[in-house]
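Student: Using the hints, position chains D, U and V with the ligands against chain Z.
Protein chains in written order, with our numbering: chain Z, -17 to 299; chain D, 554 to 855; chain U, 480 to 985; chain V, 51 to 681.
Calculated from the structure, these hints are not laboratory results.
Below, a list of computed lysine-lysine pairs in the DSSO-like style, where the Cα atoms sit at most 30 Å apart:
#1 U:Lys654 to Z:Lys74
#2 U:Lys690 to U:Lys501
#3 U:Lys546 to U:Lys777
#4 Z:Lys105 to V:Lys79
#5 U:Lys654 to Z:Lys52
#6 U:Lys690 to U:Lys644
#7 U:Lys685 to U:Lys573
#8 Z:Lys257 to U:Lys864
#9 U:Lys922 to U:Lys934
#10 U:Lys864 to Z:Lys41
#11 U:Lys654 to Z:Lys259
#12 Z:Lys82 to U:Lys654
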Amino acid sequence: MVRFIARRVALALVTLLLLSVIVFAISNILPQDVGRSILGPFAPAPEVAALNHRLGTDKPLLDQYAKLLKGMVTFNFGESYQTGQPVGDLIKSTLQNSAKLAFLAFLLTVPLGILGGVVAALKQGTLVDRVIVMLGLAGSSIPEFVTGTFLVVILGLELHLLPTLADWPPGSNIFQQMHYLLMPALALVLVYFGYIARMARAGTIVALESDYTRTAVMKGLSRATVIRRHVLRNALLPTISVIATQTGYLFGGLLAVELIFNVNGLGRLLVTAAKAKDLPVLQAGVLVIGIIYMIATLLADILISWLNPRVRLGAED
Amino acid sequence: MATGPALPTVDVGDPTAAVAPVSARRAARRETVRLLLRRPEFLIGVIVVAFWVVCAIGGDRIAPHSADFRDPFHGHSAPLSNGYVLGTDRLGRDVLSRIIVGSQDVLVIAPIAAAIGVGLGTLLGLLMGYYRGLVDDVLARIVEAFLSLPVTLVGLLTLVVLGSSRTTVIGVVGLLFAPIVARTVRAAVLAERELDYVQAARLRGENGLYIMGREILPNITGPIVVEFTVRIGYAIFTVSTLSFLGVGLQPPSPDWGLQISEEYSMIINGYWWTVLFPSLAIASVVIAANLIADALQSVMQR
Amino acid sequence: SGSSNSAATGIGGGGGGNVKVKQGGTLRVASIAPAGPLDPVAMVDLASYAVVAQCYEFLCYSGSDLKLTPGIAESWKPNADGSQWTFKIRQGVKWQDGTPFSTDDIVATMERMVAGGNSGLTGVIESGSVTAPDAGTVVFNLPSPNGNLPYLVSSDNPQTVITPKDFAAGSLVDKVPNGTGPWKLQSYDAKTGATYVRNESWWGGKTPLDKVEWTFFQDLQPQVVALQSGQSDAIVQFTVLGGEGLLSSSKISVIRLQSAAHREIWMRVDKGQFTDKRVRQALGYSLDRKAMIQSLFKGYSDLGNDNPFAPVYPFTDTSVPQRQRDVAKAKQLMSAAGVSNLSATLHAVKLQEIPDLAVLVKSGAADAGFNLNVSVEDAGPFYGKSWCPTQPKDPPCSGDAELGIVDYGHRGVPDIFLNAALSTKGVWNSAQYHNPAYDAALKAYQGSVGVDAQKAAAGKIETMLLEDSPTLFPYFYNYLSAHSKQFANIEATAIGHMFLAKAGRV
Amino acid sequence: MGESGCGKSTTAYAALRYLPANGRITGGKALIDGTDVTHLKTGELQRLRATRVSMVYQDPGAALNPSIRIGPQVEEAFTVLGHSDARSRALAALDHVRISDPRRVMARYPHQLSGGMQQRVVIAMALACDPQLLVLDEPTTGLDATVEAEVLDLIQALRTEMGAALLLIGHNLGVIRKMCDRVGVMYAGRLVEEGPAEAIFREPRHPYTVGLLRCVPRLGSRKEDHRLETIPGFLPQIGESLPACVFVDRCPIATEVCRTEPPPAVPVGQGRFSLCHHTDRIAAIPAPAAEASAPRAAQAAAPVLSLEGVSKTFKQAGHNVYALAGIDLELRAGETLGLVGESGSGKTTLAKTILGIHAPDEGGVMTLKGERLPGTVAERGREEKRSIQIVFQNPDSALNRSHTVRGILMRSLKKLAGLAGQAAEERLETLGQHVRLSSRHLDMRPRQLSGGLKQRVAIARAFAGSPRIVVCDEPTSALDVSVQAAILNLLADLQRDEGSSYVFISHDLNVVRYLSDRIAVLYLGRLMEVGPAATVFDPPHHPYTEALLSAVPRVDGEPTDRIRLEGEIPSAAAPPAGCVFHTRCPRRIPGLCDVDEPDLKEVEPGHLMRCHISVEELRRVQAKVVEPAEA
Ligand SMILES: Nc1ncnc2c1ncn2[C@@H]1O[C@H](COP(=O)(O)OP(=O)(O)OP(=O)(O)O)[C@@H](O)[C@H]1O
Ligand SMILES: Nc1ncnc2c1ncn2[C@@H]1O[C@H](COP(=O)(O)OP(=O)(O)OP(=O)(O)O)[C@@H](O)[C@H]1O
Ligand SMILES: [Mg+2]
Ligand SMILES: [Mg+2]
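Looking at chain Z on its own, in the form it has when it is part of the complex (with noise of 0.2 Å):
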């Protein structure tokens, strides 16, 4: 076990290595004058010449790649261009609240998710599951912007049952601050459920037709217990990094929610850097996306082999 974790510890901190590639290549991919495109077509040269040597964009890029893998580790991927602000800051004061955007969606959709995927496994062929199944795939077929702006309409503006932005007063305490992320929480929810459900019936439909449920049922359980004790433990199994993928998955989706909604996130500060060219923003917000993605997929890993006695006790024998 510690073997494993230590080797997909080992994997991914080369997987983030190259990422770091990945991003930096896909932003130099074609030469540019960083000091032309935030100053304007009409800053005199010298000015222009200043600000690139100010940033460190004449330097080879090569030196360019070496100080954006030193700010990796020391979190100081030097300004943002576009306001002059420390990126870090930036990035940390914008990731709080899409990590609270996040985790409300991950709070409401995985419950949801599982349970409408097992019941839906559980009726499975019934129209039941036929409308499960069907949810989930329009909800995650129309985009989140879509679903984003109608929510807008229809409960805050016609119904008047939710806030229609993300700004909460300031002082608000979470739960207050819950209560203004519910709707862009709400968008992203119909896009997630589908696939966690989609999965969650997968794994469930599996287990019923397992051996070990026969054995269960032969034993004479009752459904109920059979259920509980024997499909949903191994059921849920493949469902976990399936969650842990969407988890990644829901901040590339918060770049459309969280500019319907405004909400100062990561995902907006990203869609408007990309706008300004805002490197630095840029290769720092896709860096810790991707992290946060590496983050979620290690842990369910690490989970899954946890909950799985094969791979937990697997060196044992």
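Tutor: Quick look at chains D, U and V with the ligands alone, frame taken from chain Z:
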């Protein structure tokens, strides 16, 4: 070792050994089609896709108006008013016509992007799964690194740097799909390469290329076809999200995602139809693609 | 629909609200986030202008009717030929940090304008042009006469906010909060917003509001939603297409300002397919301006007549006949020029309604036999590659597109449009328009004093530009701002300012 | 009993009303202790399952929940009965099924137990309620012969203790004969014959039963003596309309009446019936021709392949797995070398090493016809590749399902025989004839072929390049007995015609004995005994061989005293010191066997054995094990 319901034969020359004398390939294909047609969700999916294919081919010829048509004084007409079934957009363009003509973009972009992703992903997946070892380790890390980033995010970053045009959007989305496909294909190859026929091929001295291309590849078309269908759905989804974020297709393309992104900020003014109908169009194709993929999966990967 | 608030009530410190408001309360304003650091000298976006102008003041203010009202300067007057302007400075002005205000601060600010290459003042003043003979006077000695100087040091030129003399170049307003204005910056975050509290020692007295909270957005839609759902009380600026709902809402009051903000369609006159003016005129005749205004602004816009004299300017000669859509004439001009089926790419910057405008131009032009291909570009590539021709070398406006649409913001006087965009060697002359007669007419206009003289000079230019059509001006759209009817006396300018000194709860 | 797919499991499940989602009981009754199961309510059915019936099936690994420890799983069977002392009862139950140290076992997860142990746990759970009926669906398929024998012993013992009725389903006729009092023979969803086991095995009264019994090689039967009997034709497809008598198409004594009238259940003795019109004409079924299927290989033939000191070590999770250790072996021209041993003893590894799939460790030498043979296929030339080919166990996996039979064979002809065009076509023709594939079969894909046909194709592929050596790794263990017989006949015929040598791996000692000229016994990667087939099967044997042989359930003859092997096969990663077999050897000499590893000595001409005990001693102690008379 259970062999399932395989039927024993004993002596050839025995008349009962006869199997239907039709061409084998055709029979197999017919069986697959028959199984597919028995699934209502597959039929629904095919009908929806066929509908859009007809729209795409018909284009301007079947749409009530051309995609560029404008009725400037009837901007944002509600559905069924002023003679526009699905209403008009801010410039007075007929939403129905733009959805019909817009299907051309969708039906070109999504399959090409999906094909690029699936092609490249299959190649990578074959290499990783077949050679394993160092090749796998190195490629797997790269794939993993790509997988750790949401496609929309990398798409945004890349298109901001490259500038967006139809070609770059297709290329970027396609490339970004490759790692995802590679992972699926790799898993399929790993399972396949354990089968004895791969060993048999090696024992008669086939090289890796032959084994990958001629022995393994034909057997993993199931997951690849499924992946392709699923990717088509995601491509539509991704391109429209990119359009929303401002790095997708160019106006005045009637691309559905672009239509939504141009109009979504006006929903709050009560103009829901300009967004709802293209969204439904997107959803219909994505759902149809998924329904087909599901059906294919359960039939092809029996 | 939509209430118009064009009555000149004076702006900033100068004017005063005309509605009785309650004392106390907080106003929550929705705004686009500033695009860059809050450097008053280098800022370029409307959001920054408004944020900075809450605490920092101008010499004078350009109101919604384009009349100047006093600010830090109480009055101003030119010498006979307009080459020297003398400003009388208000007494009792204090810096928020306690240091006394002096005319040296104004001189230093103007020196920074020169050093920073302020687009409005370049060529108008030089280093040393501005002096402060005594504690109540500032004198501008201009190298050449300029009848419009006060506009160039008013809120029309947002960078000319007066900053302290020791305000180093590159200082950020949020890092060293200060100012002479009615509001003190209490907190600022470039991504989320700003809060201001009343400046108790402001020379203008006690503001009705206690506090102003500014929230930053990246998009228009959430701002409109915020105002509609009551999460914000005011929105600095919105466009018709995104905020149409606000125009008809009974709870919301809309400020509509006629402005000179416009889009310019340029055609290269020096090379390419548009060298023949008949072709350019044909494109002008193919535009359906009324339809454009209807589609893009629901009518909230003035018609343009292919010259930069907007109807809002008092000296615009409105007797010059309006160019109408006339496809037959356009076709006739085309065949006269011997051109058929002209194919060209129309470069458009991705900003607000410009992509839609491009689409409308394309479809209108198609009727006259133009085959235009729309290319919507991000600001970077557009300004860098398409917009501005190869001179001067530095800064490198290296673009050389023969046909494109570019944006121009509101100005209190059209001088900069006439100069930079149309005169020979003008720095933004994307059409490469070169007409000595025009240059002479421009000089005559600049030298003319008084509305009648100016109108006469303007009329000549208008006719000339209509004939040559190097650039097309389809419309001058209205500036729109909105706020909840629970508040009153909020004032806006077409350059993005929102002044709140008199604002308060009804 | 009955062939695969004839409805055995379905019958058992239907009796307990555990049917797949698409299954339904359409008629009839299933009485368990007088209760009609088909009409019970859910609660009653649960009660019935909890208290009166139990079931044990194939693949115990899958039957246990992988994520719950053994303890709770067994306890559950007691808690459902309302016992509060479930834990102590679970301990007792595990003890009852002869699990040593049950306390430790309860704390383990299923995957940490061997297959035999897992099956014991499942049995313990099944017995928790002291059932009146215990259904065993192939409880030992998938287990090693030695483990199978143990589990069967256990069931046998428990049955007498508990007085439960057993319903035992099996393919293996030996197992059925050994375990059962009464036997029902199923065919195509019908019970075609039923009666006391002894009577049915001695004197079958249905043509199908006769056929089944004749298919299996009896202990002692040899290829040079006679061919194996087969049952021609197929089991009818599910969904086909069945003829009046379901067996008519394959029946050697069918007459017109069999097609028109369903056969009645004819009483054929005390408590016996047979579903046949012609129970009186059973004797008319032609007896197997005593035609030899292959000549005995010349003992003195020159070796085609020889291995000297070949070892194979796998690296796994940081430690070494010594799968083969110092194998010295010769394969002579035209002979069949049988390779036997328990699961994990290294048979497949040895086969793959010969084939060049695994490179042997440094130091081992393989020579092919006197030439040194490179370790891996990649280093071998075409001639060498051509010379050594394989027939895999599972024909489904061995054939590429997207190629046609023709494509598969043509490719092998091209790569191995270097043939193309007309020459290849001609050779394909003869090859097809040799394995008796018709040209119609050539255009089919594997999934359209039955298991037996697939295995023929696999064999044809191996023979495409006229190999010197064909490795057959359990080529028939995935097949039904009747198909197995046909394949064995085919292999024997091909060897006669082509003169190839076989390395033949099988768990079924009867099959090995039938086909092999010489036999090698492997244990933990070491050769324990090598010698001519008859010599190895006759005493004196190595104690390990002795144990293997005594575990074989016999279709004919009386059960013998079993030699029980204690414990489980040790891990190849940590082989015991001394003689690797000493930990389980019933005849070990303490102080010698656990210290010194014996050499492989020639004890009789051509008969080598790795044992400290002298041949004479072995011969003496093993003498009482009498070889049963040949059938
Ligand atoms: N759920 C099912 N759906 C369709 N056909 C089925 C199903 N279960 C079993 N069958 C078919 O019913 C027939 C009898 O199957 P069954 O499993 O009872 O055979 P069996 O005698 O137990 O075979 P084996 O020896 O291989 O276990 C087979 O042809 C099988 O394909
Ligand atoms: N690739 C491998 N890596 C590690 N260990 C292996 C590998 N292949 C086989 N082994 C080990 O080598 C030993 C011999 O395995 P092998 O498959 O040769 O046994 P076998 O006699 O063929 O068994 P069976 O009767 O089950 O087929 C076993 O302990 C097995 O776990
Ligand atoms: Mg069965
Ligand atoms: Mg093996």
